[in-house]
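Participant: Chain by chain, the residues:
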Amino acid sequence: MTRPMDHTSIAGKHFPTAEHVPLVVLGAGPAGIAAAVEAAGLGLKVMLIDEHPVASALMGIDVPWMFGERMTAAVQNQGRMLEQIVAARPDLQAAFDAGVDVRLGVYAWGAFVEGPTSKALPGSLLGLADEERSWLIRFDRIIVAAGARDLGLAFPGWDRPGVMGAQGFAAATALYGAFSGRRIAIIGSGALAAQVARQAAAAGVAVAATIDATQRITAVLGEAEVEGIAYARLDGSAPATAACDTIVLAVDLVPNVEMFDLLGCATKFAAEKGGYVPVTDAAGRCSASVYAAGDCAGICDASIATPDRAIASGRNAARLAVADAGRAAPAADPIPPADTADRDAWRRAFLAAHATDRALTICRCEEVPLEDLVGVRPPRYLDYDATKFENRDIRTLAAMGPVNQDQVKRLTRAGMGPCQGRRCREQVQTLLAMQGNQASGDIPMPSYRAPLRPLPLKVINAADETAEMRAGWTTWFGIPAQWLAQWEPAPEGLSWQNRHNRSYEG
Amino acid sequence: MTSHVVIVGGGATGLSSAFWLRREGVAVTVIEKGIVGWEASGRNGGGATHPYSPLFREEQRLWPMMDDLLGYPTEHRPQRVRIAINQSQLDIMRATENLAAKQGFKVEELDNKAMRELIPWVGDDVAGGAIYHYGGQANPQRTLQAYAWAVQDLGGTIMQHTVVTGFETTGGKITGVQTDQGLVGCDAVVLAAGPHTAQLAAMLGISVPVMAARAEMIVTEPVPLISVGGSDGNGLYGRQTLRGNLAYGGGPHEWIDLPDHRTPRAVNSPVMRSVARRLFELFPKLGHIRVIRSWAGVIENTPDGRPILERLDSPENLVVASMSSVGFGLSPATGRAIMQLVTQGHCDFANLDYLKLNRFEGLGPNWAEEVGWRPWSPEEEGAA
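Note that the protein sequences, when read in sequence, are chains A and B. Heads up, the first sequence is in the numbering used here, so the first residue is 550 and it goes up one at a time. Heads up, the second sequence is in the numbering used here, so the first residue is 1235 and it goes up one at a time.
In isolation and in its complexed conformation, chain A is listed as follows (with noise of 0.2 Å):
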């Protein structure tokens, strides 16, 4: 006997995939083309998916990275781009060579995996866009080798186009070759400026200054764009300014962890790593069949200094999903222990010495100065009664439970705009707990959702769903007494007990 099916549920949906990859490599940086070369060697069929060259379009609004309009109109092009890229990356003739299905300018936006309100699906499947279209895939495992983001940190002017990351940066010179500026100050004094001013002077383009942890940036000099900086030492002593068109700020990386947390992932802050990471067992699994290679699995110097580090958990990572497919594999080769400098540390220093200004914007996309983040304020295109305000802020709200990133971002706006909190997401994170008198990782990761690139309606429009899709379309639930007067007994024929004995068939 069939079991009765609620028609208006997602029961009996399907969702056309358009192929089933027993291994999928998510980035194609060093620690993903390690992996994907290092799984087929070892006989397991591989896709390996990189999202670059991303649309100029992206580019400009700060996804995945912060260009900081410094982009030149090459990167238009995105033909012209791809091969740049494949330029840049002379690594992916291996992966080409080994028989790994490479895939660029493709997005992964997407994880829809089986979980505890998820359960009406084939499988595991991944989201995936390019400018034209989205589709989904099945996968069997992943490895996600996402690499890292540019950690956002407030300075006065930092909202002026011309203030980029570092990613971003490397992203213009070394990949893309494209760009536009020509004299550069480089805020930080780590691992991540020094790989900045390497990069700086192999694409001939000048540093006009470096602005340490014993400085503090003062103004960013210019009208509509960057045209200089102004800077001191923290006590305000030796002041100082410096003429350049483009200010990289180069503090730190973010591990990019978002895929984690769509594949149901759990992270951990961790303070030496530089923020939340996947969290993994002794072996190296985020789960069952979701492994991390590279930058997204946590940041060191050493593995800023040099790519070594990332090949290896690359390899490493795919030894271990090819062994979990079922297939022999080699041990891990050995990795030596990470740097453990206080990353956090680095955040909290640089908020102190800049988020003095309660003015001062923290997110950009909606406007969200630093008195009405921790104000806990309405957005200012609302009114409302300020006075309701005088005794409410981040520290009351506190007083109720832990200070949460999620319900501070649904009050305030902040990390709620088209750059999907890429820009501020960490630093109001820090500002946060700064405020709270809390640790950075007590405050709870604010979750990420699906799309995880910003993507137009024409694209991620399911162009390709089945008929019982459309013809089991409804609003809202499919119960018909509830549209009916209720100040009146559901009519015979729709009350439960009808629709009861007739064991619903929509």
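Don't read these hints as lab results, they were simulated from the structure. It should be emphasised that the depicted structure is a prediction, and the values quoted were computed from it without experimental measurement. Please note that a few of the clues may not be correct.
Covered by chain B, per the in silico footprint, the following chain A stretches (three or more residues, Cβ under 8 Å) [claimed, not checked]:
#1 553 to 566
#2 873 to 881
#3 957 to 969
#4 1014 to 1023
Facing chain B, according to a computed beta carbon distance under 8 Å, are these residues of chain A, among others [what the hints assert, rightly or not]:
#5 P665
#6 T666
#7 D932
#8 P1003
#9 P1005
#10 W1036
#11 E1037
Where a beta carbon is used, it is the ideal one built from N, C-alpha and C, also for glycine.
Guided by the hints, dock chain B onto chain A, whose structure is given.
Facilitator: Leaving out everything else, chain B in the frame of chain A:
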């Protein structure tokens, strides 16, 4: 005189009840297992247009006053536009009895030209639709925090991160609510815990038939403001926020099991692509507008999809409130009705006679399974 009411559930219904009770001078304690407004109450379309409800008139009367009553912005905006993109949708719209018009509210048909003037993004060939000179929408997240802050401003107590573990009863009355933070004494209790209302009622030996489901929505980047934010159709519900984002949902829900007092994180499914498809069909001139976010929530439904709003006979100081998946928009009125149920035993502005638990007498323990309201997996197809 009821002097202290414990409200279990810090969602729209519970917080509104606390607000209205506190205005009457009744001491209230809201017990919330997580954060106020965190679940479905803060994750919905924000619609406030429910003409089939006995609370409709009160919903319409109260919403324009809520910002002033609460003291915090709710982003309430009046009116609603229903869009028919083709003739068949228009025919269905016309054929459906308009319960609001029947109650004297004004509905105005819109032709192709009028619709295109109102909403520039519809297709040139849009069939038409109607503007409702009633109803409206608000921002659920902002409204829920407004309720909570208003309750506190009035001297009410909200206990977050507190789990109810049982009840103490004496002589046919509940005298205390046991929690993981200790016992909270009370003169009356309101159970308004959404999908968890059934588990809590079961602790008192009361059967409340509800089944939980997950539903989801998508959000776009901001677009220029249209005059009636609550404009929807084509199988979608939703609204334009005052910031300009489009937030829309609709389509298949997923029935889920709730094994304990926790609400599992509601994830999105590939259905979100089909929501985007319908939004693109509804607003074909917005194909380039980017989806930046999505969300999902868990709601409950009763067997007939109608609320349970009743002060029971036994225990006689208990009000059970489940809004059966339509709670947010009605909440200003629901809370006021519950205040009256608590303080005077009956509601004097709405007929709640048919929203009582006893209509489900005779319902078997497997009622949800028998109508297919249960988790489903494709493996069943292979096994069949």
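Participant: Each hint should be assessed against the structure and marked as holding or not.
Facilitator: Do the hints match the structure? See the list:
1. 553 to 566: holds (count 12)
2. 873 to 881: violated (count 0)
3. 957 to 969: It holds: at least three residues are needed, and the stretch 957 to 969 of chain A offers 7 whose Cβ sits within less than 8 Å of chain B.
4. 1014 to 1023: holds (count 5)
5. P665: 4 Å, holds
6. T666: 5 Å, holds
7. D932: Given a least distance of 7 Å, the restraint on A/D932 holds.
8. P1003: Since chain B brings a Cβ to about 4 Å from A/P1003, closer than 8 Å, the hint holds.
9. P1005: 5 Å, holds
10. W1036: Hint holds; A/W1036 Cβ to chain B Cβ min 4 Å, cut 8 Å.
11. E1037: 6 Å, holds
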